[in-house]
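**Student:** Residue-level listing of the chains:
There are 2 protein chains.
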Amino acid sequence: MTTDDLTVSTRVVLLAGGVGGSTFAGGLRDEVRERGGELTVVCNTGDDLWLSGLRLQPDVDSMLYSLAGVKDLRQGWGRAGDSRRVADELAAWGVGWDWFLLGDLDLGAHIARTSWLREGLTPSQAIARLQTRWDLGATLLPMTDTEVDTHVVLDSGRMHFQEWWTRHRARLEPVRFENPGIAASVPAPGVLEAIAGADAILVAPSNPVVSIGPILAVPGLADGLRAASARVVGVSPIIGDAPVRGMADVCLRVAGVPCTAAGVAGHYGARADGGILDAWLIAEEDAAAAASVAALGIASHVEPLWMSDAVRTRALAVAALRAVGH
Amino acid sequence: MTTDDLTVSTRVVLLAGGVGGSTFAGGLRDEVRERGGELTVVCNTGDDLWLSGLRLQPDVDSMLYSLAGVKDLRQGWGRAGDSRRVADELAAWGVGWDWFLLGDLDLGAHIARTSWLREGLTPSQAIARLQTRWDLGATLLPMTDTEVDTHVVLDSGRMHFQEWWTRHRARLEPVRFENPGIAASVPAPGVLEAIAGADAILVAPSNPVVSIGPILAVPGLADGLRAASARVVGVSPIIGDAPVRGMADVCLRVAGVPCTAAGVAGHYGARADGGILDAWLIAEEDAAAAASVAALGIASHVEPLWMSDAVRTRALAVAALRAVGH
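Chains as they are written, first to last, in the working numbering: chain Z, 1 to 326; chain P, 1001 to 1326.
Any given hint could be a false lead.
Which residues of chain P face chain Z? A partial, calculated answer using Cβ under 8 angstroms [to be verified]:
#1 1083
#2 1104
#3 1105
Here chain P is said to cover these stretches of chain Z; the calculated rule only asks that three of the stretch's residues, wherever they fall, bring their Cβ under 8 angstroms from a Cβ of chain P [unchecked claim]:
#4 49–56
#5 76–89
#6 107–113
It is worth saying that the hints were derived from the structure and are not from the lab. Given the structure is predicted, the values throughout are model-derived calculations rather than measurements. Glycine included, each C-beta is placed from N, C-alpha and C at the ideal position.
Isolated chain Z (complex conformation) (with noise of 0.2 angstroms):
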């Protein structure tokens, strides 16, 4: 990438999901930002859930506190520097889940958001709310303001996708996954119109079922997506055939899809096959699946996919970027 690419009014839509695409989201923000272009994020809402009377959206969350530069790096969400006193005395009162920790600082978030619902508010303009906070060089939207849940549907029963991923660390083999509500939602307000004035549009390496899965689940927003002027690249989650963060091969092996970089590929599709994407970056450790990529259609791009450090994540957006003509 060199400045000579740039374009001031350079406008970029991410759909991202979870730890990972909270991590991406940081270095794209910092690229964009400098190029003085403008980023939004569409952000997955499908695990968000009422605890303790409280109204958490858990990427949101992550998203908000990464852009704002407050996130715990080392447990890759929540705000750094928490502590649990509010925790402590929930546990003591039997209220909540106790291997669900809301930390103090957390909470704070939390109690302000289901504070401004009970007001009347909708999701979209209780994180338009949050974001005024900090100087996230973002827009953060929601995919939705429709209440979407995830639930995990197992031989014996169902439970929240909460549970089953932090509780349960994706243990319990699940027969599939099912996003009540989904159907009778509709995108959230400006989401529809960031993807169509567009001229960049990315997806985060983000667990694919469970992140990128509801966002595309949105009734008219993959439509929006394939009907958009800019190209859409995608980050692969999966490097050297196992996910970069922990469990999201259940979730692919219940979906279907083989957990490797073209099996993702496949999975989201090329666009102009009905999918979503035009380009698809591969870690190099897995350049060997470049052709089968390129065979269903989606330009694929071999890069170094770590995002280990501040300096690397930001050169992965770099390269998502270019990979899509800016």
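With chain Z fixed as given, assemble chain P onto it according to the hints.
**Tutor:** Frame of chain Z, contents of chain P only:
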């Protein structure tokens, strides 16, 4: 009081609210517990409020913390050793009242209560759960499960009682107090039964207008007191023509009640005369008022009323029980 007077099954009911009420309740609980009796506290809920999406019951919580021995004795409310990790976050988010501190430990109770209410529990049921955490030596009942507010009507408008009391320190002259919803309220489950079955009924030295007033305004509750077989004794919250704890004088003035021990006795009235009192404890400083209290048809007892430590508080509870024959 001698042990000769003890009845193992003595059932005592206390009407109380606020700081003074929760302090008195602690001493009474110690005495009743040692006698092997049963104490039921009927607590004011008139200054409950929704704040930041959470249901606060300030008087219930003060009572709970006091009986549990975890109250901040210096400030008279809240949890001892509390902190403000979350409160600082809420301020940063612009949520809540910056002059109304919600401590971290305290927030645990607010979140627990709100969570249970959202699950469909009644306030009574939520309070029943809250008090299982500690051995209170008493049963704590709200006066009603109906949501009742206390508004302060001013020349310039109206505000919630907590805003007037805590933010403005009762310095804005009120026109009157109103309890929206109170006419349609009903006593909480167990309240009328406790009163009807009591051997002694005590009215704590709480604010007569905004703590005891709402309790007595719950339809059926004052009638229950008048019909009770037990005698009813009150403890004057006025010592030496001044409220023990600030600002009750403003409330009394608005209600047209002289800020004297006799004035408050007259406000409550003699049970024989359609009021609620059989006996009234007045301070040594107010001994001269004994005759005018007696003239109301209320037995007056001059006692040391300052609850300056646990020994004096318990002695006051003993004196109150003795005044109604226990």
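**Student:** Next, verify each hint and record whether it holds.
**Tutor:** Here's how the hints hold up against the structure:
Using the Cβ-Cβ criterion of 8 angstroms, the hint placing residue 1083/P at the interface with chain Z is satisfied: the shortest such distance is roughly 6 angstroms. A cut of 8 angstroms between beta carbons decides the hint on residue 1104/P: the least distance to chain Z is about 4 angstroms, and the hint holds. Here the hint on residue 1105/P is kept, as its CB sits about 6 angstroms from the closest CB of chain Z, short of 8 angstroms. Under the rule that three or more residues need a Cβ within less than 8 angstroms of chain P, the assignment of the segment 49–56 of chain Z holds, with 4 such residues.
Evaluation of the coverage hint for the segment 76–89 of chain Z: fulfilled, as 5 residues show C-beta separations to chain P shorter than 8 angstroms, against a requirement of three. For a cut-off of 8 angstroms, the count of residues in the segment 107–113 of chain Z with a CB near a CB of chain P stands at 5, and the three-residue condition holds.
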